[in-house]
Amino acid sequence: MRTIKYILQKEFLQIFRNKSMLPIIFAMPIIQLCVLVFAATFEMKNTNLYIVDQDLSSHSRQIISKFEASPFFTIKNVDFSIKKAEDKLFEDKVDAILYFENGFGNAVDKKETASVQVLVNAIDASAAGLYNAYILSVIQDYNLKLGSSIQTMMKNQAVQQVKNTYSHLFNPEMKYIPYMLPGILVLLITVIGLFLSAMNVVREKEIGTIEQINVTPIKKYQFLLGKLIPFLFIGFFELGIGLIIAAFVFKIPVLGSVWLIYLVAFIYLLTILGIGLFISTQTDTQQQAMFIAWFFMIIFILMGGLFTPTESMPEWGQKINLLNPVAYFIKIIRMIMLKGSGFMDILKELSILSLYSITILSFAANRYKKTS
Amino acid sequence: MLILFGMPIVQLLLFGFVITNDLKDVKMAVLDHSKDEYTSEIINKIVSSGYFNLVENLDNITQVDETFRKGETKVVLVFEPDFGKKLIKGSQASVQILTDASDPNMANMEVNYLQGILQNYNVEINRGKQVPNQIIPQTRMYFNSKLESVYMFVPGIMATILMLVSAMMTSISIAREKELGTMEILLVSPLRPLQIILGKVTPYLILSFINALVIVGVGYFVFGVPVLGSFALLMTESLLFILLALSLGIYISTVSNSQQVAMMLSMFALMLPTILLSGFIFPLRNMPLPLQIISNIIPPRWFIVIIKNIMLREPAWNLFGKKPSFSLE
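Protein chains in written order, with my numbering: chain A, 2 to 373; chain B, 280 to 608.
Next up, chain B with everything else stripped away, as it sits in the complex (with noise of 0.2 Å):
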C-alpha cells in the first residue's frame, strides 16, 4: 500500500527537479594559443554566465579529440594566435567552438549559448559606437513565459504514472487470481461478469484517483504549475482516463494467463511508447508520419494534450472532444 501512495509521489518529487533540458554547468575546455587579457576575459565571461564550467587548460589541438573520448568535456574552445592583437589592430578576431555532437541536442544548445555570449560581448566592446547589428528579435513565450520545463513534465508524468499503475494493477489482480485458482471460485458464483469486473475496478478507480489528486497538488504547491482551467474538468478527465487504463488493464489480463505474462505485457508493451509517443519529452511533430499517426492510438497522448490545456491556457471546450473514451474489453 505504501508503495501505491509513495511512488509516485516520490517520482513526481524527483523527476520534476531532476528532468530538464535546459543547459547548466556545461564542462568546457579551453585551447587558448594567445592568453590575453581579451581570451581571459571572453573566458570569464562565459564562466560566469552559469552554463559553463572551465574544467581544463589544453595546449594542443591534438588533445581535443583524447579529451572528448574521456566523455566528460563536451566543448572546446579555440583562441587563434594572437587573438587580443588582431581584435585591435584588424579589428577582427576569431574562435572555433568544437562540440561533442554525439548528442546533438546539447551541441546545439551549446553552440546557440556560447554565440550569445560573444554577441554580447561584442555589443559591450563597442560601447558608444554605433553597433551594425540593427534587427533585435523580441520574444514572447506564450502560456508558459518563463520555458519552465517542469509545466511540460508534470503532466507528463501524471499520464506516465496513471496509465502505467492503473494498468497493471488490474492486470495483475485478475492474473493473480487465474493464476492462484481463486478466479474459478469467482466464475462458479452466482456473480454475473459484469459485476466482476465492477468489483474488479472500483477499488483501483479509486486509488488512482487519489494519486491523481495527490499529484496535481503536488505539482500546484512545490513546483507551482497553475491550474488555470477548471478544476472539476481537470478530475473528469482524469477519472475517464484512469478508467480507459484500468479497462486497458483488465484486458491484458484476460489475454494472458500468469502475473509474469501480465506484467510484462503492461510494463513493457505500454512504458516504452507511453514515454516515448504520447509528446511528454519528444515533440510529436518532429517524428516520421507513420509515428504520429500511431501516436493518435497512444491514450496518454491525449490525455497530455488535455492536461496541459486545461493547467496553463484557459479552457477552451472544443478541445475536449477530442478525447477517445474507448473502452477496450
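Pulled out of the complex, with its shape left as it was, chain A reads as follows (with noise of 0.2 Å):
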C-alpha cells in the first residue's frame, strides 16, 4: 500500500505541477460542454423558403398563410417567376420552394388531384430531408382539413380511414439538450482519460525515466494501479462537474440514480483507461501513442451513437459496435438521465463493459514488462 501511495503522490504531483495542462484538462472540457452543447442540434428553425405562386387562389393562400405561421419557415418571398426562384436556389440564398402551378386552386375545388411542386436544396441531405418533411406535413395538415370538409360532404359514399395519433415519451418537447449534453460529456471524459493514459507511460519511456521506476522494488501492478488511479479521479471529478451543470444550469432532471452512473463511469474508465495504458506499452514515442490513441478515438466518437444513431447503421457497423466502449457508456448514461434506467436494465450492457474492462487491463498488465 505504502508503495502505491507513493507513486499516487509523484503522479499528483506531476499532474498538478504542469500548469499549462491544468487548464486544459480541467477548464477546457466545462467551456466545451457548456457552449457546444447547443451547437448540436436537428431543431430546425429558420428555414429560407421562395414561393412561386402563379395560381393566386384562396387555397394556394391559405397554405401559404401556414407556412407564414409556422416558426419553422421564413418566407424570403412570394413571387411569380420560378426562373428567379431557382437562380436564388442555385445561389444557395434559399432552402426550398414551393411551387404552386397556375390551375392549383380550380383543381382543388373540383376535387380533382392538385400537385405543389417542392424544391429542395440538397447538398446538406440531412437538413434536405427535415425541410421536406416540414412541408410536407403542413400539407398533408391542410389536406386534412380539406378531408374532413369533403368527408361530411359524401355521406353516401364510406371511405375508410385509419387515423393515427403519436406521443413522444420521455421528452415531449422533443428538446435536444438533454439529449446530447450526457453524450458529450462522455466524450469529454474519454478525450481525457485516454490521452493522458496513453501518454503517460510511453512519455517516462521517452524521456528515459521509466528506466529508473524498473530499476526500483516497485511491483507490476503497483505501478499500473500508480498510473490508473489519478486519472481514474481526474474522470470522476469532470463527470462530477458535468452532471451538476446538467442539472443546474440546464435544468436537465436526472431521473435514474446518480450512483448507478458511477458506479458505470468506474467500469467505463477503467476500460478506456486500460486501452490507453496498452497502447502506451506498445508504443516507443508520445507521437506515436498519440496517433494510435487519436485514431480509435475518432472512430469511437463517430460510431458511439452520439450524433447519428447507432441503429441507423450496416449489420457489420453495429457488431464492430460491439467492441466500442463509448457506444455502451453513451447509450447507458442517457437511458439512466433521460429515461431513468434502474440496475436491472443495464445489466447486459454493464456486464459487457466489465468483461472489456478486465481483459484490456489484464492486456496491458501482461503487455508491460520491467526489462526491455
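Note that these hints are calculated values from the structure, not bench results.
To spell it out: a stretch of chain B is covered by chain A in this simulated footprint if at least three of its residues, at any positions, have a beta carbon under 8 Å from a beta carbon of chain A; those stretches are:
id, region
1, 368–381
2, 563–572
Where chain A lies over chain B, by a calculated footprint (3+ residues, C-beta under 8 Å):
id, region
3, 302–311
4, 346–358
5, 384–397
6, 536–544
7, 548–558
All of these numbers come straight from a predicted model, not from anything done at the bench.
From the three backbone atoms N, C-alpha and C, an ideal C-beta is built for every residue, glycine too.
Hints are included, so try docking the two chains, each in its own frame, into the full complex.
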C-alpha cells in the first residue's frame, strides 16, 4: 500500500505541477460542454422558403399563410417567376421552393388531384430531409382539413380511414440538449482519460525515467494501479462537474440514480484507461501513441451513437460497435439520465463493459514489462 | 508512416458506410388490443417496408414504459380494441404511435415514416373510391437527388481528417524538438526562422496533400461522390486549407512547451469544434446566433462549403471569395 501511495503522490505532483496542462484538463472540457451542447441540434429553425404562386387562388393563399404562421419557416419572397426562384436556390440564398402552378386552386375545388411542387436544396442531405418532412406535414395538415370538409359532403360514399395519433414519451418537448449533453460529457471524459493514459507511460519511456522506475522494487501491479488511480479521479471529478452543470445550468433532471452512473463510469473509465495504458506500453514515442489513440478515439466517437444513431448503421458496423466502449456508456448514461433506467435494465451492457475492462487491463498488465 | 496514410483511408471507408441518419431496422413493439386481419395487415406492411422490425408483442399498456426503459425498442404501436370492426362499420379506426423521444430526431422520423405508411394503407383500402386527399406534393431534391448522406459526410470527413492530422503533425513535431532539446541546435544554426518553418511545413504539406488526393479518390470510386466542378480548383483549395491547418499547428507548437500540451491543444481544442461547428453533422442555421458567429472563424466550415459546392454542383466562382486564407503565426 505504501508503495502505491508514493506512486500516487508522484503522479499527482506531476499533474498539478504542469501549469499549462491544468487548464486543458479542467477548464476546457467544461467550456466545451457548455458551448457546444447548443451546437448539436437538429431542431429546425429559419428555413428560408421561396414561394412561387402562379395560381393566386384562395387555396394557395391559405397554404402560404400556414407556412407564414409556422415558426420553422421564413418566407423570403412570394413571386411569379420560377426562374428567379431557381436562381436563388442555386445561389444558396433559399433552402426550398414551393411552386403552385396555375390551375391549382381550380383542381382542388373540383376535387381532382392537385399538385404542388417542392424543390429542395439537398446539398446538405440531413437538413434537406428535415425541410421536406416539415413542408409535407404542413401540406398534409391542410389536406386533412380539406378531407374533413369533403367527408361531410360525401356521406353516401363511405371512405375507410385509419387515423393515427402519436405521443413522444420521455421528452415531449423534443429538446436536444438533454439528449446531447450526456453524450458530449462522455466524450470529454473519454478524450481526457484516453489521451492522458496513452501518453503517460510512453512519456516516461521517451524521457528515460521509466528505467529509474524499473530498477526500483515497485511491483508491476503497483505501478499500473499508481498510473490508473489519478486518472480515475480526474475522470470522476469531471463527470461530477458535468452532472452538476447538467442539473443546475441546463435543468436536466437526472431521472435515474447518480450512484449507478458512477458505478458505470468506474467500469467504463477502467476500460478506457486500460486501452490507453495498452497503447502506451506498445509504442515507443509519444507521437506514435498519440496517433494511435487519436485513430481509435475518432472511430469510437463517430460510431458511438453520439451524433448519428447506432441503429442506422449497417449490420457489420453494429458488429464493430460491440467493441466500442463509448457506445455502451453513451447508451447507458442516456438511459439512466433521461429514462430513469435501473440496474436491471442496463445489466447486459454493464456486464459486457466489465468483461471488456478486465480483458483490456490484463492485456495492458501483460504487455508492460520491466525489462526492455 | 503506415498510420499516417492508412488511418484516413480506414476512417473514411468506415464512416462513409456507417455514419448515416437514415432510418433503418427500428425496433418496434406492438400492443394489439384487437388482433384481427386489419391490424395484422398493417403490421405486415410496416415490417415489410424495411424501416421497422417487429421485436415484441405486448399485452398491456403498463409494459410500454418498461420496454422503453430497457433501451432497445424505440417505438410502440397501439391498436385500439375492435380495430377491424370500427374500420368496417364506423369507417374509422385509430392507432396510436408511442415513441422513445429521448432521441428527438429519430422519434420525429419514426412518426413521419409510420404516418406515411399508414397513409399509403388508407389509399390502398379505398382504391376505386374517390379519395378525399387531393393535394399531392411533388418533391424534387436538387444537387443530391437520392438524398445520400454520403455526399454530405465525405466532405465533412475530409475536412476533419485534414484539419486534425495536419495541425497535429506540425504542432507535435516542433514541440518534440523542443522537448528533446534539438530545437536549440536548429536555433543556433544559421537558418533563418522562415527557413526552419518552411522546412518543417513542406514535408507535411506533401503528406497531407497525398491524403487529400486519396480521400477524394476513395469518395469517387467507392462511394460514387461525383466531382462536378473543376478538379484542379478542388485541389488548390485543399492545398490552401492544408496550409492553413499546418500554420495553425505551428502556432500551437509555439505556445506549448511539451508534446503533451501540444497534443492536447491540437486535439482537444480542435476536435469537437471541427466536428460540431463546421456544419459537418449539424446544420449551422439551426444553432443559436452566437454559435453561428463563432462558426465563422472555424476554418473547416468554409472548406466544407467549398468542397460541397465544387463536388456537387457546377462551379460558381463567386463563392470562392469567402475562403479565409489567413495564416496564423
